[in-house]
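A.B. asks: The chain contents come next:
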Amino acid sequence: MERMIARFDEKAEIIEHCQAAEDIFVLKVAAPAVSASARPGQFCMVEVKAVGSSDPLLRRPFSIHAREDGGRLSFLYRRVGRGTDLLSRMRPGEMLNVLGPLGRGFRVRPDITPILAGGGMGMAPLLFLAEYCAGSMDTFTILGGRTASELTGLESFRRTGTRVLVATEDGSLGTRGMVTDVLDGLLKTLSESAGQCEIHTCGPWPMMRAVYEMASQSGIPCWVSLESRMACGTGLCLGCAVYGTEKILHVCREGPVFHGDSIRWRDGQ
Amino acid sequence: MERMIARFDEKAEIIEHCQAAEDIFVLKVAAPAVSASARPGQFCMVEVKAVGSSDPLLRRPFSIHAREDGGRLSFLYRRVGRGTDLLSRMRPGEMLNVLGPLGRGFRVRPDITPILAGGGMGMAPLLFLAEYCAGSMDTFTILGGRTASELTGLESFRRTGTRVLVATEDGSLGTRGMVTDVLDGLLKTLSESAGQCEIHTCGPWPMMRAVYEMASQSGIPCWVSLESRMACGTGLCLGCAVYGTEKILHVCREGPVFHGDSIRWRDGQ
Amino acid sequence: MNRNFPDLSVTIGSLSLKNPVVLASGTCGYGAELGDLLDFGCLGGIVVKGISLEPRAGNPPPRLVETPCGLLNAIGLENVGIDAFIRDKLPWLMGMDTAVIVNILGDEIGEYAEIARKLDDAKGVDAVEVNISCPNVKSGGAAFGTDPWAAADVTRAVKSATSLPVIVKLSPNVTDITAVAKSVAEAGADAVSLINTLLGMSIDIDTRRPSLGNVFGGLSGPAIRPVALRMVWQTVRAVDIPVVGIGGISDANDALEFLMAGACAVEIGTATLVRPGTAVGIVEGITAHMESRGVPAIKDLRID
Amino acid sequence: MNRNFPDLSVTIGSLSLKNPVVLASGTCGYGAELGDLLDFGCLGGIVVKGISLEPRAGNPPPRLVETPCGLLNAIGLENVGIDAFIRDKLPWLMGMDTAVIVNILGDEIGEYAEIARKLDDAKGVDAVEVNISCPNVKSGGAAFGTDPWAAADVTRAVKSATSLPVIVKLSPNVTDITAVAKSVAEAGADAVSLINTLLGMSIDIDTRRPSLGNVFGGLSGPAIRPVALRMVWQTVRAVDIPVVGIGGISDANDALEFLMAGACAVEIGTATLVRPGTAVGIVEGITAHMESRGVPAIKDLRID
Ligand SMILES: Cc1cc2nc3c(=O)[nH]c(=O)nc-3n(C[C@H](O)[C@H](O)[C@H](O)COP(=O)(O)OP(=O)(O)OC[C@H]3O[C@@H](n4cnc5c(N)ncnc54)[C@H](O)[C@@H]3O)c2cc1C
Ligand SMILES: Cc1cc2nc3c(=O)[nH]c(=O)nc-3n(C[C@H](O)[C@H](O)[C@H](O)COP(=O)(O)OP(=O)(O)OC[C@H]3O[C@@H](n4cnc5c(N)ncnc54)[C@H](O)[C@@H]3O)c2cc1C
Ligand SMILES: Cc1cc2nc3c(=O)[nH]c(=O)nc-3n(C[C@H](O)[C@H](O)[C@H](O)COP(=O)(O)O)c2cc1C
Ligand SMILES: Cc1cc2nc3c(=O)[nH]c(=O)nc-3n(C[C@H](O)[C@H](O)[C@H](O)COP(=O)(O)O)c2cc1C
Ligand code: FES
Ligand code: FES
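Protein chains in written order, with this note's numbering: chain A, 1 to 269; chain B, 270 to 538; chain C, 539 to 842; chain D, 843 to 1146.
Everything hinted at is true.
The list that follows gives simulated cross-link-like pairs (lysine to aspartate or glutamate, EDC-like), each with its CA atoms no further than 16 angstroms apart:
{"#": "1", "chain 1": "B", "residue 1": "LYS297", "chain 2": "B", "residue 2": "GLU282"}
{"#": "2", "chain 1": "B", "residue 1": "LYS280", "chain 2": "B", "residue 2": "GLU363"}
{"#": "3", "chain 1": "C", "residue 1": "LYS556", "chain 2": "C", "residue 2": "GLU822"}
{"#": "4", "chain 1": "D", "residue 1": "LYS960", "chain 2": "D", "residue 2": "ASP930"}
{"#": "5", "chain 1": "A", "residue 1": "LYS247", "chain 2": "D", "residue 2": "GLU920"}
{"#": "6", "chain 1": "B", "residue 1": "LYS516", "chain 2": "C", "residue 2": "GLU616"}
I should point out that these hints are in silico values taken from the structure, not numbers from a laboratory.
Can you make the complete structure from the sequences, with help from the hints?
C.D. replies: Next comes the structure, spelled out in structure tokens:
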């Protein structure tokens, strides 16, 4: 078993909670213990139910979006169902149970240029990663979405020092097209030094699959951050299984970040 | 079957929601249809669960505390469990499903002096009744509680014109003692005209029982507002049964206000 | 067929419903109690409160307790009895533009048959639903519905007493619900409906007593939906007669799960108690789903 | 006995627990996964993930779906197998100051017996819990636990293979759980634990497919508590051996309901998934309840 960093179930106060776009929210909580041991790519299980209610029963997994001063953490999330809807109604001052940091995050190597590629909410874990890398190395971040308004928080990325490249399907910002279109261009530009790059990606399955395949063709290692339905997030229930090339993988414990080679991509999600 | 006044399931906006004491709240909602047909002693089934949650499943019954201008209704409630706790967290502007007006309220006769006797939250339905009666006749209202701070809203009662008499168990306001102590004195004072009185009471079972017994001894009719566990509040489930002297009574349909003679008091609640 | 106007009508044996959404027994009174809160003309049908030969007073209170996403009830089948039902309640229902299904119950097989006979003579009844979750008083008190043979006996008795379509309502408190379903199908049932409530209980830790006057009660509501759906799925695949799905259905998506599992119709119980208009909203939601996906008829919702 | 220091210890046959709160199988891994989140020394015991003779890969994903106040799972008994368990997992558990109960499962009776034998030889195991909710592969695939005879056969085989206390874990998917309980008690079980999950399913109406890779799954969590409590109440009154209560227990009040029903101990399952520290909070809550009411020992909580 991999060595486990200590995890905490913290009663965290909501410090800020803003709506960044139609269905997109940024939640900032004070969770000093979780925050102190968090690493990029890790996630938390966040309680969304009201006190006294048992429904929805399960916590919801969210990537750690950023770590801020004073033991604070932020999450970037999209309202997609009843859990995120309930969460979006909570206000600063209310308390929230946050269990984390969970899972294995991105593995970065000091001598290698990281290319971060995020699609939609897949950008959530990448800000923390960009911050983490920015101090010591050059990084590129490609962010894609359907339209400009979805790409909130580009400024936060730029502030970390990473070079931000943008793709939107409707062309309302940056390149018209997909993350892979921008990545293709970038890899060509970097062709000389592509051997010195590594890709870290998070986003919808088809996008990650395309990024992984492009990376494979260029012989570049590619780390992918997967999702799956989770009950515990802590390795207890074995419910978060996805197919790996050789065996079943458990997203919450062995992931959420995996080497692209270990995933059985054809099974979809 | 008694003739049914139309009932409505209204999506009501919360207009005001204030905490009157430690665990006591006054909730004011805009529910014009319910409000228009409400009569004193009737109640509403109020949804307390969050949108998207199925727990707690059932609505909670609350007496109509007052009817106000502009199609508004108010409820006076005590936070006793998870449903009322959830309710207490809702804020003005939020919407709430309110089903009502339900049940049979107090029956008042124009030629008779009504004595209203409320213990604790039992005062909730009595304000509406006091308002209703006040225009046309003299009324007395006895309100009892453990201590002064529980007896919020005495002023609202006084404003209706009813004569307010107060009892607190700790003597912090009014007579030290129970509602029945005050009632006893009042009935003595009124002894001549006691035949022209009628009692309307709501409160804990032992208190209502004592009031009923005192009324019986004086030959005065006594109307009591009962509680029981409810699922529908509309007469569908037959779950809100209590023992009557002759048969099972259904609180939500035949009550909540019953003539004291029809209740099998010894069974307690 | 016009894709924009899906056909919601369904048939259960010889019974035709304008749509597959029906109010479940015990949660809609005798109909009139809901008259001002619901437009019955929008519904496929109503199953009235279970009726016995003689009036019944029901169980001692307390009769209800809320549980997580569920409701435990021990009403004890309080009802006015078949004669008063036909005399006092049926006329109101006849005025409504919806199918009237009468849920019947008894302590012994003869009682079921006698009620069925009386309904056969009455006007305004479209079908009989036989509640076999009642204790079989003559043979030890286990419910008819937990024994395939007893269930078949009741079915045969009711079938021979009436020419109305007979729906047998199955108990979920069994090891294998398909065994009971097959048995009543062979005995001539025109359809089965399931599930009735799961047997449960609750204890009040303050009074240190069971929360219900009757100790045990029936669990209903969203909590039981996964169990109900599983049993409907299994039963649809085990018998050739239509299956009506019941259990925790609270919105159109829930109803669609049962229709996709192969139910020909659904009954809405506890959800009506919580929100009287639920069933009407479900009809609208199913219609919208079928319109937007171009599903022509209810049976086309079914998956394998 | 000092009323202010209630005695929480309980015995289940020859097994002594410092308190009646135990982690349920399949919801606490092999213990180590929880090591940093829970103080095992505060718990009565832990039942590890069900172990088979050979390692098992489990079911295809998706394996989970949330339901109202519940969780449907179809993990498919993924586990490392008995040898790897004894070699790699047991040593960690031996270091914890709590009772270690090993949940075992098999496709046929011989497998149960062989695992039990291996555990008998291993150090650090305090009891065996026999999961009989598994399909009996040799006789048609119905679960051992749905047939009193098959359940008794498994019990006898395990009892003769080990001298450890044997707790038989019953399936709730039966008409009469007391029949199975009596049968395994006669076959020598030292205790029974109940309930395992209720069989359920869910359909994803967007993909028009069952939500679980395995179609059916086991329902757990608060939703099933009333059913579990009813079965515990019935079983306590039907057999003379200790009964361990399981099902939807999420806080001390829930646990107290089971102890009042007569359970000698409780197991906490899904609640640990939601909040890892649940069991410790339950121990504290039970202690506080007993202190404030002056209840000297766990058995005194029981009501009639
Ligand atoms: C490791 C991990 C990290 C994640 N990080 C983020 C993040 O940073 N920001 C963000 O917006 N979302 C993130 N997600 C997805 C997020 O957990 C789901 O969107 C959320 O749980 C949906 O909850 P809900 O109740 O609103 O939706 P539901 O009503 O439960 O479902 C709505 C839709 O969301 C899907 N869904 C539900 N639960 C999950 C789940 N556990 N995982 C994936 N999909 C689910 C359902 O299949 C359905 O299509 C992450 C998921 C995982 C596993
Ligand atoms: C016709 C009627 C009118 C009422 N009017 C008022 C009112 O004006 N103001 C007010 O504060 N309360 C009133 N009540 C009581 C109120 O409905 C309950 O206090 C409320 O439902 C408790 O909900 P909860 O979820 O907070 O409590 P729970 O957590 O459900 O239970 C906490 C305690 O409240 C009791 N309780 C729960 N539900 C009911 C119920 N339906 N009826 C009675 N007791 C219950 C429980 O037995 C328990 O002891 C009325 C009840 C009825 C039947
Ligand atoms: C209060 C109540 C009373 C019921 N009475 C009856 C009845 O008389 N006859 C019957 O067959 N089912 C009865 N049922 C069962 C329901 O018809 C239905 O089968 C069950 O509640 C599951 O559906 P639901 O979860 O939608 O409520 C009753 C249920 C409730 C909640
Ligand atoms: C994810 C999961 C895995 C489980 N695995 C097992 C198992 O391996 N063996 C077993 O006997 N029970 C297993 N169970 C059943 C639980 O031990 C317990 O009996 C059931 O979940 C009811 O309790 P709960 O509602 O507290 O979870 C599992 C339950 C869940 C939720
Ligand atoms: S979510 Fe439970 S093991 Fe991964
Ligand atoms: S609460 Fe349902 S009939 Fe009274």
